[in-house]
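Enquirer: Numbering (the working numbering) for the sequence shown: 1 to 163.
Derived from the structure by calculation, the hints contain no laboratory data.
Hints are supplied without guarantee of correctness; some may be wrong.
Said to hold, decoys possible - Listed next, the in silico BS3-like pairs over lysine-lysine satisfying Cα-Cα at most 27 Å (straight line): (1) K109 / K31; (2) K148 / K60; (3) K70 / K60; (4) K19 / K60; (5) K151 / K70; (6) K19 / K35; (7) K60 / K147; (8) K148 / K70; (9) K19 / K61; (10) K70 / K35; (11) K151 / K61; (12) K148 / K31; (13) K148 / K61; (14) K151 / K31; (15) K35 / K147; (16) K151 / K109; (17) K19 / K109; (18) K61 / K147; (19) K109 / K27; (20) K148 / K27; (21) K35 / K61; (22) K31 / K147; (23) K27 / K70; (24) K70 / K19; (25) K35 / K60; (26) K147 / K109; (27) K109 / K35; (28) K109 / K70; (29) K35 / K151; (30) K19 / K148; (31) K151 / K19.
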Amino acid sequence: MIVYHPVYDIYHCLTRTLKILRCLGNKSYEKDRIKIYDYYFLFPCETDNITLPRQFSAYKKICRANRYNKVYDVRNTFSQLESVQETAYRALASFGFIENGLLFDDIVKLTNNSIPENLLFELTDAEATYMELVTAFFENISIVELKKRTKLMEYRYEFFETK
1 MIVYHPVYDI YHCLTRTLKI LRCLGNKSYE KDRIKIYDYY FLFPCETDNI TLPRQFSAYK
61 KICRANRYNK VYDVRNTFSQ LESVQETAYR ALASFGFIEN GLLFDDIVKL TNNSIPENLL
121 FELTDAEATY MELVTAFFEN ISIVELKKRT KLMEYRYEFF ETK
């Protein structure tokens, strides 16, 4: 029996990353920030586990987890996803969709190259709602605070905060 899950699919990660970056605009982002955004883009039901201010609590109900889409070991799943994300980012840089020079500095930024029509997918309702949360809240907090609220990455040993 062959089991498929998009968490291990590099091409699925490519399209997710392009969707996220297109929604965010032509700005530079820390690679860790995009990795966290991608995790919740892939698992929108996991937004229920993010520590959010009261005014954003409605976003915790983007979708409800069931036994088929629930992540039981969040940190392990995220660490497995990171290797797929790194490969996808290098592929996007080699295709000319993100800046190759900035990628070595752990910065992700779209280039001015046009993305082919067959790679431009529309957002689903859950994805659009999640991207509203990203633009309304996540974009206004530092990477350290994002790591702290999501509990996906270590944040205690960060030497500086960037927004």
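Enquirer: Indicate, hint by hint, whether the structure satisfies it.
Expert: Evaluation of the provided hints:
Between K109 and K31 the alpha-carbon distance is near 9 Å, which keeps this suggested pair within the 27 Å criterion. For the given pair, K148 sits about 17 Å from K60 by alpha-carbon distance, which is consistent with the 27 Å threshold. A distance of roughly 14 Å separates the Cα atoms of K70 and K60; the hinted pair therefore holds under the 27 Å criterion. Restraint check for K19 and K60: the C-alpha separation of about 21 Å stays at or below 27 Å, so the hint holds.
Among the hinted pairs, K151 with K70 is consistent with the structure: their alpha-carbon atoms are about 17 Å apart, no more than 27 Å. Straight-line distance between C-alpha atoms of K19 and K35 comes to about 13 Å, which keeps the hinted pair within the 27 Å bound. About 17 Å separates the Cα atoms of K60 and K147, which keeps this hinted pair within 27 Å; it holds. This hinted pair checks out: K148 and K70 have alpha carbons roughly 21 Å apart, not beyond 27 Å.
Proximity of K19 to K61 is assessed by CA-CA distance (about 21 Å); at most 27 Å being required, the pair is judged to hold. Of the pairs offered as hints, the one joining K70 and K35 holds, with about 19 Å between alpha carbons and a cut-off of 27 Å not exceeded. Distance restraint check for K151 and K61: the Cα-Cα separation of roughly 19 Å lies within the 27 Å cut-off, and the hinted pair is therefore satisfied. Distance restraint check for K148 and K31: the Cα-Cα separation of roughly 16 Å lies within the 27 Å cut-off, and the hinted pair is therefore satisfied.
Simply put, K148 and K61 have alpha-carbon atoms about 20 Å apart, close enough for the 27 Å limit, and the pair holds. This hinted pair checks out: K151 and K31 have alpha carbons roughly 16 Å apart, not beyond 27 Å. Of the pairs offered as hints, the one joining K35 and K147 holds, with about 11 Å between alpha carbons and a cut-off of 27 Å not exceeded. At most 27 Å may separate the alpha-carbon atoms for a hinted pair to count; K151 and K109 meet this at roughly 24 Å.
A C-alpha spacing of about 13 Å is found between K19 and K109, which places the hinted pair at or below 27 Å, so the restraint holds. A distance of roughly 20 Å separates the Cα atoms of K61 and K147; the hinted pair therefore holds under the 27 Å criterion. The straight-line distance between the Cα atoms of K109 and K27 is roughly 6 Å, inside the 27 Å bound, and the hint therefore holds. Only pairs whose Cα atoms come within 27 Å are accepted, and K148 paired with K27 is accepted, the gap being roughly 23 Å.
At roughly 21 Å between alpha-carbon atoms, K35 and K61 fall within 27 Å of each other, so this suggested pair holds. For the hint linking K31 to K147, the alpha-carbon distance of about 12 Å falls within 27 Å, and the restraint holds. Proposed proximity of K27 and K70 is contradicted: the alpha carbons are some 32 Å apart, above 27 Å. Taken as a hint, the K70 and K19 pair is honoured in the structure, with Cα atoms around 23 Å apart against an allowance of 27 Å.
Only pairs whose Cα atoms come within 27 Å are accepted, and K35 paired with K60 is accepted, the gap being roughly 19 Å. With a CA separation close to 20 Å, the supplied pair K147 and K109 stays within the 27 Å bound. A threshold of 27 Å between alpha carbons decides the hint, and for K109 with K35 the separation of about 13 Å falls inside it, so the pair holds. Pair hint K109 plus K70 does not hold up; C-alpha atoms about 31 Å apart against a cutoff of 27 Å.
With a CA separation close to 13 Å, the supplied pair K35 and K151 stays within the 27 Å bound. Taken as a hint, the K19 and K148 pair is honoured in the structure, with Cα atoms around 25 Å apart against an allowance of 27 Å. Proximity of K151 to K19 is assessed by CA-CA distance (about 24 Å); at most 27 Å being required, the pair is judged to hold.
Consistency with the previously given hints fails for numbers 23 and 28, ordered from lowest to highest.
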